[in-house]
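Participant: Sequence:
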Amino acid sequence: MAVVPLGLPNALRYLLVRIGRAVATVFGVVTLVFLMVRAIPGDPVDAILGDQAAPEDRAALRRALELDRPVAEQYLTFVGHVADGSLGYSFRKRGQSVSGLIAQVLPATLVLAVSAMAVAWLIAIPLGAVAALYKGRNLDRAASTVAMLGIAIPNIWLGPLLVLLFGVQLRWLPLPGDDPARIEALILPAFTVGTALAAILMRQTRASLLEVLDQQYIVAAWARGLSPARVVFKHALRNALLPVMTVGAAQFGAILSGTVIAEKIFERPGLGLLFLEGFFDRDIPLVQGCVLVIAVIYVAVNLLVDLAYGLVDPRVRLS
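Numbering (numbering that gives the first Met the number 0), first residue to last: 0 to 318.
A few of these clues could be false.
Said to hold, decoys possible - Across the chosen pairs, the derived CB separations fall in these ranges:
| no. | residue 1 | residue 2 | range |
| --- | --- | --- | --- |
| 1 | Tyr216 | Val145 | 28 to 34 Å |
| 2 | Glu72 | Pro159 | 44 to 50 Å |
| 3 | Pro40 | Met147 | 34 to 40 Å |
| 4 | Gln103 | Leu174 | 40 to 46 Å |
| 5 | Gly84 | Leu34 | 17 to 23 Å |
| 6 | Leu109 | Arg237 | 24 to 30 Å |
| 7 | Ala228 | Gly99 | 48 to 54 Å |
| 8 | Pro153 | Gly19 | 33 to 39 Å |
| 9 | Ala63 | Gly27 | 46 to 52 Å |
What the hints assert, rightly or not - In silico SDA-like cross-links for lysine to any residue, where the CA-CA straight-line distance does not exceed 20 Å:
| no. | residue 1 | residue 2 |
| --- | --- | --- |
| 10 | Lys92 | Arg281 |
| 11 | Lys134 | Ala228 |
| 12 | Lys263 | Leu160 |
| 13 | Lys92 | Arg61 |
| 14 | Lys263 | Glu72 |
| 15 | Lys263 | Leu164 |
| 16 | Lys233 | Tyr216 |
| 17 | Lys92 | Glu65 |
| 18 | Lys263 | Leu172 |
| 19 | Lys92 | Pro227 |
| 20 | Lys233 | Glu210 |
| 21 | Lys134 | Leu240 |
| 22 | Lys233 | Leu209 |
| 23 | Lys134 | Glu210 |
| 24 | Lys134 | Gln215 |
Simulated from the structure, these hints should not be mistaken for lab results.
Ideal placement from N, C-alpha and C gives every residue a C-beta, glycine not left out.
Between the sequences and the hints, there should be enough to build the whole structure, so can you do that?
Facilitator: Below, the structure written as structure tokens:
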């Protein structure tokens with residue numbers, strides 16, 4: 000990899016370009032979310048009033064919700080609500096801004112997502128390192144089998160299985176619906192969401208380490224008699240982390256999506272449950288807001304990972 004001197008003007012230019020691309024991506028997401036939500040079958044007025052409501056009541060509610068306005072005007076209103084930070088106002092919970100409703104549940108979802116990410120890394124890095132060190136041997140096959148199981152088992156099946164085993168049979172951990180503020184109540188949801196990502200990261204860690212372990216400086220480290228753990232974790236892993244970080248950031252959106260299922264299975268209040276509530280109630284502003292917040296978090300995480308490359312690997316320089 001070519002080394003390019005890092006100067007402050009280059010760094011600022013790179014930062015501004017990346018932020019500009021992130022803003023453009025979010026603007027595209029805003030437009031796409033607006034169009035896709037209106038393609039969802041069902042009329043919000045029917046969902047609120049029912050099929051037996053009088054025509055004049057339906058018309059009055061449609062005017063109150065501004066659903067009688069042209070789509071272009073609705074879009075400009077939506078962009079305005081995004082700009083002022085309110086994200087609009089819930090159809091069901093009148094008078095409450097969508098941003099206010101999301102702010103009440105977002106911390107719980109972020110805690111679950113970060114915990115799931117931590118579980119994934121804690122499983123993936125040791126397994127990937129062992130698989131790379133013992134390539135083609137039994138430990139490699141065992142680690143690869145675990146990774147395949149993690150990818151193959153869907154969250155919607157793994158979650159109830161873990162509840163039956165650790166909640167009902169062994170009674171080691173709380174059942175769904177118990178106080179979600181307890182640390183113990185976070186273990187099974189985090190493991191459920193993080194398992195699939197752990198499998199993906201483990202395979203990427205193994206592949207990256209296998210490339211790095213063939214480098215001359217690693218051969219020199221082996222020649223100095225360093226232990227396998229020192230060679231891997233001090234010399235090889237740091238240079239192998241860049242593609243693993245890229246995959247991890249790309250999968251963060253999948254982690255957030257997985258929290259929707261986990262929050263439903265484990266009855267944890269969060270952004271996922273709020274999104275499902277809005278979806279089934281045909282609460283258009285609420286659905287738009289939830290999807291938009293998830294997209295913004297995804298874009299922000301990828302931006303931060305790009306900026307962190309130079310910190311993880313000193314060979315990377317920005318130009």
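Participant: Checked against the structure, which of the hints given earlier come out wrong?
Facilitator: As far as the earlier hints go, 4, 9, 14, 19 are violated by this structure, in ascending order.
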